[in-house]
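2 protein chains.
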Amino acid sequence: MGELRQAGAAAGFSVRRWGPTPRQYSSCLALSPFPSSFWPGSQVAVTFLSLASRLERVCVSKVGVIPGPGLVSNLMWSLWPGRVINAGKSRHNEDQACCEVVYVEGRRSVSGVPREPSRGQGLCFYYWGLFDGHAGGGAAEMASRLLHRHIREQLKDLVEILQDPSPPPLCLPSTPGAAGSSDPSHLVGPQSCWSSQKEVTHESLVVGAIENAFQFMDEQMARERRGHQVEGGCCALVVVYLLGKVYVANAGDSRAIIVRNGEIIPMSREFTPETERQRLQLLGFLKPELLGGEFTHLEFPRRIQPKELGQRMLYRDQNMTGWAYKKIELEDLRFPLVCGEGKKARVMATIGVTRGLGDHNLKVCSSTLPIKPFLSCFPEVRVYDLTQYEHCPDDVLVLGTDGLWDVTSDCEVAATVDRVLSAYEPNDPSRYTALAQALVLGARGTPRDRGWRLPNNKLGSGDDISVFVIPLGGPGSYS
Amino acid sequence: MGELRQAGAAAGFSVRRWGPTPRQYSSCLALSPFPSSFWPGSQVAVTFLSLASRLERVCVSKVGVIPGPGLVSNLMWSLWPGRVINAGKSRHNEDQACCEVVYVEGRRSVSGVPREPSRGQGLCFYYWGLFDGHAGGGAAEMASRLLHRHIREQLKDLVEILQDPSPPPLCLPSTPGAAGSSDPSHLVGPQSCWSSQKEVTHESLVVGAIENAFQFMDEQMARERRGHQVEGGCCALVVVYLLGKVYVANAGDSRAIIVRNGEIIPMSREFTPETERQRLQLLGFLKPELLGGEFTHLEFPRRIQPKELGQRMLYRDQNMTGWAYKKIELEDLRFPLVCGEGKKARVMATIGVTRGLGDHNLKVCSSTLPIKPFLSCFPEVRVYDLTQYEHCPDDVLVLGTDGLWDVTSDCEVAATVDRVLSAYEPNDPSRYTALAQALVLGARGTPRDRGWRLPNNKLGSGDDISVFVIPLGGPGSYS
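Just so you know, the sequences run in chain order F and C.
Residue 1 is where the first sequence starts when you use full-length UniProt numbering, and the numbers rise one by one after that.
Residue 1 is where the second sequence starts when you use full-length UniProt numbering, and the numbers rise one by one after that.
Treat the hints with care, as some may be off.
[Claimed, not checked] Below, a list of computed lysine-lysine pairs in the DSSO-like style, where the Cα atoms sit at most 30 Å apart:
| hint | chain 1 | residue 1 | chain 2 | residue 2 |
| --- | --- | --- | --- | --- |
| 1 | F | 245 | C | 198 |
| 2 | F | 372 | C | 245 |
| 3 | F | 343 | C | 198 |
| 4 | C | 458 | F | 287 |
| 5 | C | 245 | F | 307 |
| 6 | C | 245 | F | 326 |
| 7 | C | 198 | F | 307 |
| 8 | F | 198 | C | 327 |
Honestly, the hints are just simulated from the structure, not real lab data.
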């Protein structure tokens, strides 16, 4: 394990085995068996590849096989040397990644009723995380080490509830296990003032747990940022597989898609100054003190010149998706809260993503104005029910940092999935590794004409590139 | 025309011919000819049907033919007597409707360059509006009379720009026509501080004009509400057809869909306490003074009892889509800003729609707390390019108030479109009238078992029901 750690560190991302003992694993796996098409044994490769920008030599690394049932500690590694693409933003790969099998032991019996002996006592989830750091690698490193622990912490209260097919109780007693709390009538309030009570699903409890875990992670970074050198911030794209459902949580500009039978199913959307313009502008409008007299919440299509005062300029406010003309007044000469387009779009002329973890110290350039109030740590969580569809070995969930997606469209990824996987036998586990390699190297391009070029002669990605390929079906699903 | 007005008033909605002289029409139509498939002459019926709840007898009225080119003043009317459905909320139909052909004369030559003589000087748009009033009919009545004028006003500055195929100027001189302003370099700022300037489309200018028109309409209602008895508020669903594109603007819980070759294309979404929960909660969180100490911005799945203090209850805050448990504290006993489900969802226990016009006097029941700050007058605007598809006479845009959609799904509407239109010859203009009738009467149901029942024996709609059917293709599109 020590060697694995070293290899992981050298490759620029972290791998940890954490928490459960083998005994706990087997108990949790008996409780919540994966569908056979998802983890048909230990032969399924879950592949992570990462390319750092700006290094003369860089390691592209893959997690060969993630443990399937009964194969907990058998992590296989290999390192694959690559070369740097054109100059990036930092000396080191700021991407971090993590995949884990996490066991969650219930905090307590929520209803106070003694557990049935036949029931297991914990839950197990599979976890993958991609963390694209900026302005330093500290936040990404910390998130890759701790976010799944926060998710585990949030799920602890739900272990029993999630395993109970009846609807979740709306209200729980304050002191579980104490005298009197074993009365089941405590679980649902005796009366309702409204004509009805809302139905809350098990699924929405898991979503809430993941959302709050992101917030607790962010708060921990805020608390510990001085003691632990948590520099910068990071985008976080996380997958949790629990009780037959895949939860994809995204805060930032990474992206996840499912390629199923050639069809593309988007599993995330990006959070950027452009996609979140109206949320940002509304905040600036409602809390003008956050703009510090330096910025205007209005958007303009270009910078206004002082001599244009009194002329009429196109603008958008927080309520508009279209544009209109307004007479330019003095305060319109302030820098816009949101400006620029595409990869050059910025909040407060500084940051190009609007959700993620960290960034507690981020200030406007040559100013003391904090940017963090405009950033959200909350992910959007999408749920995919793996049991609703018979998956074949060519169906995969692809996670990638923006280094991949900046130069590769969803359709191109789907085409690569088809091309690479069809070149291998369905039960060859190395096919997913080859796919992840193909995606990363395809986004980097090949050296030509004084730069790294894609087949269409455009420049390859200059950013760090990290990809997870997670097969949704496996050889076991073939009869 | 006087008789038409009377007939319209009796039918519970308004019709006005306003503004242009015939000469202006012909000039504008020469400028912006409709595609022949859209208005193949004057034979295309644009049908509006409305059913009021709670009246013993009610008029279902239809605008038989809206003027096509060269047929400006030939509005044909008929009245069709119906019967009331089960008890509704008010004595009169609070729905209002309006359809117009509106001519927009340019306010001035924006560039200062003299107009070319060959060019027309104005623009023409076709307009349909459905206004679903609540707490009184004043706002709906006012909006049906004035909103299109506000749109015209906003478009006046754009007449020349929209007819110029080059990209819209980002900046306009302050004093058009004045000495010096004829220098075209005024149209685009001489320098740009950002590396690029944003591209703004003609389409987004029209969207911006419609958005601002809604705001000006709402502000006018606020100004004039005492003098003109503008009671209540209204949802507004508006269609603008201009220069080959259909703009559908929706603020409220009405709905528009296109049925094209049997396929359903949603052209709006509803704005309710459920769909806008996070916007409302964020506002309550950022501006707690708007909650007046009476409400909490947190959502709970049911009302909390005082004796449940200290227990743990499911909740959602403004950042969450999932649910989690929290310990109940004293301030959680306040009434939630958003509560209830479906048609019973309410903001501040009062109103079930979150966007629309008016409601400036709306207060929380038995309180002086205003609700208007939580309501938005801004529509979402969707654009449909009519020139991108060859439309047949069975392709229609259907607008309906919630009275229709509460009991009729999109698929059921599409099935009715198919069933009714296929029973008529493609060039029979009465087919669209029959379709609108079928939709309205289908949503009302038939009297049976002490109530108005749908074919599936469920209750018919108890609300006012209004429907526009707008054909997108016509007999002229058949060879």
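Checked hints:
Under the criterion of a C-alpha separation no larger than 30 Å, the hint pairing residue 245 (chain F) with residue 198 (chain C) is inconsistent with the structure, at around 41 Å. For the hint linking residue 372 (chain F) to residue 245 (chain C), the alpha-carbon distance of about 41 Å lies beyond 30 Å, and the restraint is violated. With a CA separation close to 13 Å, the supplied pair residue 343 (chain F) and residue 198 (chain C) stays within the 30 Å bound. Proximity of residue 458 (chain C) to residue 287 (chain F) is assessed by CA-CA distance (about 48 Å); at most 30 Å being required, the pair is judged violated.
Among the hinted pairs, residue 245 (chain C) with residue 307 (chain F) is inconsistent with the structure: their alpha-carbon atoms are about 37 Å apart, more than 30 Å. For a cut-off of 30 Å, the pair hint linking residue 245 (chain C) to residue 326 (chain F) stands: about 25 Å separates their Cα positions. Taken as a hint, the residue 198 (chain C) and residue 307 (chain F) pair is honoured in the structure, with Cα atoms around 20 Å apart against an allowance of 30 Å. The hinted pair formed by residue 198 (chain F) and residue 327 (chain C) meets the criterion: a straight-line CA distance of about 19 Å does not exceed 30 Å.
Checked against the numbered hints given earlier, this structure breaks hints 1, 2, 4, 5; the rest are met.
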